[in-house]
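Student: So the sequences go chain by chain: A and B. Position one of the first sequence corresponds to residue 9 (this note's numbering), numbered consecutively onward. Position one of the second sequence corresponds to residue 4 (this note's numbering), numbered consecutively onward.
To be clear, the hints were calculated from the coordinates, so they are not data collected in a lab. Heads up, the beta-carbon is just placed ideally off N, CA and C, and yes, glycines get one too. Among the clues, some could well be false.
As the list claims (entries may be wrong) - Here are a few chain B residues that face chain A, going by a calculated C-beta distance under 8 Å: (1) I9; (2) E12; (3) T37; (4) S41; (5) T59; (6) V112.
As the list claims (entries may be wrong) - Simulated pairs of lysine-lysine, DSBU-like, Cα-Cα distance not exceeding 35 Å: (7) A:K92 x B:K98; (8) A:K10 x A:K92; (9) B:K139 x B:K98; (10) A:K92 x B:K139; (11) A:K12 x B:K139; (12) B:K136 x A:K12.
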Amino acid sequence: MKLKLADVTVGDRLPELAYDVTATTVVLGALATRDWRPMHHDYDFAVNRNGVRNIFLNTPNQQAWFERYLTDWTGPFGRLARMKFRMRDSVFPGERMVLAGVVEDVTTDATGCGWVAVAVELSADGRLATTCTARIAVPTTDDDNPWRRRGDNWRP
Amino acid sequence: MSSQPIPDEVSAWIGEHRYAETADFPVERGYLWTSCASVENGNPLFWDDAVADEITGGPIAPPTTLSLWFRPHSWQPGEHTQRLPLQVHFDLKEKLGLPEAIMSDSEVVFYEPVRPGDVISTRQVLRSVSEPKTTKLGTGRFWVIDVEYTNQHDGVVGVEVFTGFGYRRGTSS
């Protein structure tokens with residue numbers, strides 16, 4: 009798959025990704041990001057020290073979920089440039105996590121690089137947990153490849 | 004305490020490069036695959052060397068693994084105090100007397116791709132500390148910390164910007 013800039017229009021909705029979060033999801037995500045903090049694997053610590061109702065997904069792993077979601081859509085030629093996150097609530101085992109995105113901007117910069125801005129919401133059992141605004145480069149033509157850009161030609 | 008003035012020591016940290024360090028180990032593919040597996044990321048850039056050769060000139064790391072290389076081992080011989088990632092964040096908690104903290108916002112900007120075998124270095128820069136604020140969590144202060152990352156060629160591979168909120172529980176309005 010090779011999403012190109014001409015394929016994208018402001019207002020386009022990305023296909024939703026739904027995933028049933030388990031304790032394993034949380035712990036695997038924490039260990040994959042080398043995050044040994046107990047609130048991401050120790051139920052007693054999470055509840056009695058942090059005052060939340062269970063262990064919860066850590067931020068770096070949520071970033072990885074957003075990356076996966078965005079590049080599932082663009083294909084491997086999509087090159088992430090910038091992601092901004094706002095953590096509003098936690099994601100706990102037993103919840104259904106849904107990522108849903110909408111295209112907010114489609115532009116080409118002075119170097120000819122094609123850019124798409126996407127707003128993504130990550131919800132857990134229908135409760136908004138995290139928002140992400142992402143800027144991602146996609147090819148402008150069949151021959152274009154944003155990954156070849158270096159130095160001043162890469163303006164994230 | 005959060006109602007007291009910001010200590011001079013903390014004010015002096017603003018704009019200062021702190022905790023420059025080089026990762027304990029080079030970027031390695033095992034962790035990259037574990038990261039992809041944790042979110043079921045099937046992007047062929049990370050799994051198919053022929054695709055990586057064609058598109059990115061060889062294997063690269065998923066961009067969001069940028070900070071992975073600086074999270075300390077959970078234990079290592081000879082180290083008796085636990086090192087903490089984003090140490091400036093924890094320094095602020097201690098110096099400002101705020102026992103709890105969350106990260107409310109973060110932004111990451113990606114530059115040169117990170118590749119297996121790269122040795123990544125980093126440094127932390129405190130950008131600001133707010134006046135006392137009260138949220139549903141409690142009363143405390145917000146702070147902004149930049150974390151800059153470079154590869155072994157001094158090429159910038161990324162910058163993370165974190166907004167933290169340190170607070171005391173039970174003092175919310």
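Student: Compare the structure with each hint and give your call.
Tutor: The hints, checked one at a time:
About 24 Å separates the beta-carbon of I9 (chain B) from the nearest beta-carbon of chain A, more than 8 Å, and the hint is not met. Below 8 Å, beta-carbon pairs count as interface contacts, and E12 (chain B) has none with chain A, the closest being about 26 Å; its hint is therefore violated. For T37 (chain B), the interface hint holds, the least distance from its beta-carbon to any beta-carbon of chain A being 5 Å, beneath 8 Å. Taking 8 Å as the C-beta cut-off, the interface hint given for S41 (chain B) holds, the closest approach to chain A being about 4 Å.
A distance limit of 8 Å between C-beta atoms decides the matter here; for T59 (chain B) the minimum to chain A is near 5 Å, and the interface restraint holds. The interface hint given for V112 (chain B) holds, since its Cβ lies 5 Å from the closest Cβ of chain A, which is under the 8 Å cut-off. This hinted pair checks out: K92 (chain A) and K98 (chain B) have alpha carbons roughly 28 Å apart, not beyond 35 Å. Restraint check for K10 (chain A) and K92 (chain A): satisfied, since their Cα atoms lie roughly 24 Å apart, inside the 35 Å limit.
Of the supplied pair hints, the one linking K139 (chain B) and K98 (chain B) holds, its CA atoms being roughly 22 Å apart against a limit of 35 Å. Between K92 (chain A) and K139 (chain B) the CA atoms are separated by roughly 23 Å; this keeps the pair inside 35 Å, and the hint holds. In summary, the hint linking K12 (chain A) to K139 (chain B) is not supported, as the alpha carbons are separated by about 44 Å, beyond the 35 Å threshold. The suggested pairing of K136 (chain B) with K12 (chain A) is violated, with an alpha-carbon distance near 45 Å, which exceeds 35 Å.
In terms of the numbered hints stated before, the structure departs from hints 1, 2, 11 and 12, listed from lowest to highest.
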